[in-house]
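Going line by line, the protein sequences match chains A and B.
Sequence positions in the first sequence follow the working numbering and run 1 to 312.
Sequence positions in the second sequence follow the working numbering and run 1001 to 1334.
One or more hints might be untrue.
[Unchecked claim] With beta-carbon atoms standing in for the labels, derived distance ranges: (1) B:K1061 <-> A:D31: 54 to 62 Å; (2) B:R1110 <-> A:V298: 39 to 47 Å; (3) B:E1158 <-> A:F279: 24 to 32 Å; (4) B:K1192 <-> A:M84: 42 to 50 Å.
The hints are simulated quantities; they were obtained by calculation from the structure and are not laboratory data.
All residues carry an ideal CB built from backbone N, CA and C; glycine is no exception.
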Amino acid sequence: MMRKYSREIIVAIALILLMLALAAYAPAYFDPQPLLSRFTSQAPALVAAIGITLVIIIRQIDISIGAQFSMCAVVAGVAAAAGMPLPVAVLAAVLTGAVMGAFNGLLVAWLGLPSIVVTLATMVTWNEALRLWQQGRLMNLPAGIQWFGLSQSAGQGIVIGLSVVLLIAFAWGMRNLALGRYVYATGTDAEAARLAGINPRWMTFGVFVLTGALAGLAAVLNMVQSPQVQPNAGDGLELKVIAAAVVGGVAITGGRGNLWGVLLGLLLLVNVNPALTYFHQPPYWERAIQGLVILLAVVADGLQRGKKVKHA
Amino acid sequence: MKRSSFLCSLAVLCAVPFIGACKKTETGGAKDGKLTIAFLPKSKGNQYFVTCERGARAAAKELGAELLFDGPTNSDPAKQNEIVEGWISSGVDVIAAACENKEGLSTALRNAQKAGIKVVTYDADALPDARSFFVNQATEKGIGDALLDNAAKLIGEEGEFAIITANLTAANQNAWIKAIETRQAEKYPKLKLVDIKPCDDLKDKAQQETTNLLGAHPNLKAVISVCSPGVPGAAEAVKQAGKTGAVKVVGLGLPSENKAYVKEGVTQSVILWKVEDLGYLAIKAGAALADGSLKPGATEFDAGKLGKLKVEGDNILLGTPFAFTKENIDQFDF
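So here's chain A without its partners, still in its complex pose (with noise of 0.2 Å):
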């Protein structure tokens, strides 16, 4: 049990430490409005890792993450500011983040190019396409978009209530439901689990569409915290989520890890920067500090891998 979740305790006992060294120097990083603002406006985040972790256990990567977040929450923000009610913008960006994640999966799945320079390309092509649509300029959305039409507390409770219970429902089925074994078995070995009658293009295929509409419902997500939608809103989130789920254990060559554990790797490095400010540190430590977490994190990665050769 210990050694099976190392690395999870390992984040966690991580974790503890930085918030125990805030409570003692910079206690004022627990009031409830900041922290719960900070929650809150990384529950998209969240979300998005979800569909990212997903890929990256059946032996993929989508770096597009980020680009399709941008198009779905201008696509939501298109819908909104013309009128449309919010069910219907929420269905939009679903719909759009699943039409871009199918395009990914055909690619990879059917034609079997590797994911990391599809999702390269597609990259680059939704964000220059939002580029050429959008001019870069700040959307500014009607009244009743930002928290639901509700008031800032509900809609805050809301934001993070949906991604827990994505984070719970998707932990859950992907140790107990089949679809969810399949999804290691595939990320393993895809020919053992052709073998063993899964069909692994299905699977590849259907874990892209969802990490688009997952990606989607993370662009809603964000969007109902402000009035406006930023048309690049998504910049940089591809590395954020990648990095999340590498530090929360998920193995870079599939087949392991879990929900859990990214949720652990996304906690420890979204309060690196707020605890710098807190404790009155430049900012020029953010990236490096993350930077090396991730790096601790890979070479734990590659000594664990070494162990079990050695073994066998």
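Start from chain A and add chain B according to the hints.
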């Protein structure tokens, strides 16, 4: 290889008659005596440049000149070159250009100068030898001073403030921050800059950074954003923290992106040059260059309704940036 050189010569042969034709229109165009000024935006669909054009049209009308307004539909440096080459062929008198790509457009502008066309740049400069004057909307000091002066006035020239920037290596932003720091040291001894946070030009990141700043510095009185997405981002954070009015928000940005927050009283002032005046001044300067009243070495320029403006080297200065506030922001739509 053979094939491509054949294609080249074919292209040259085809071009010859066109060159001849262009020459003809050039002499034809000059005859009617009316000054023709071509006005090139970075992108003609962009509200910012549409507003510039409005000022340019007013100036052209005043001068009795003909104004040609054309530019790429979307920011596209190659298309800018094409348009300038077109204007050289058809023989305009003056080109006023905002350059998407400094080096790229400079070649085309040099060709224009060789063809006897007077060239000024505005908004975004070309290389110095590719134009006579740059109509400079705001100097680094001008922007830094305006931002800090506005913030200082709002908080009674005393207390802590923080800066949201684009990223820690952005040259423009760093120059403005330096100007703010210099101004603070010279003029506002009781102001204290507590932190500078990068937002990667992302509104949402600016909001998160501001949320943290407000929590980490309970005595914070003002947030100054030196990048445009940072202004609404900082405002949203102040609003969500329930500190509307208690913490002032000042920044460099477009009125249209900040209108709601300014009207709610979350953002107190948005600093920008008057975009319409920039277009007006570019045309005035171009025309003065063509009629010889503006010459290299000038130190002052009479810009009609804008009054006498300072010329520093080959830069014509539009003057102090403008502060958009609750009282006036409704009059602006860019």
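Is the distance from the Cβ of R1110 of chain B to the Cβ of V298 of chain A consistent with 39 to 47 Å? violated, 51 Å
Should the hint that E1158 of chain B and F279 of chain A are 24 to 32 Å apart at their CB atoms be regarded as holding? holds, 26 Å
Cβ distance range 42 to 50 Å for K1192 of chain B and M84 of chain A, holds or violated: Roughly 48 Å apart at Cβ, these two residues keep to the hinted range, so it holds.
Tell me if the beta carbons of K1061 of chain B and D31 of chain A are separated by a distance inside 54 to 62 Å. Check passed, 58 Å falls within 54 to 62 Å.
When held up to the earlier numbered hints, the structure conflicts with hint 2 and nothing else.
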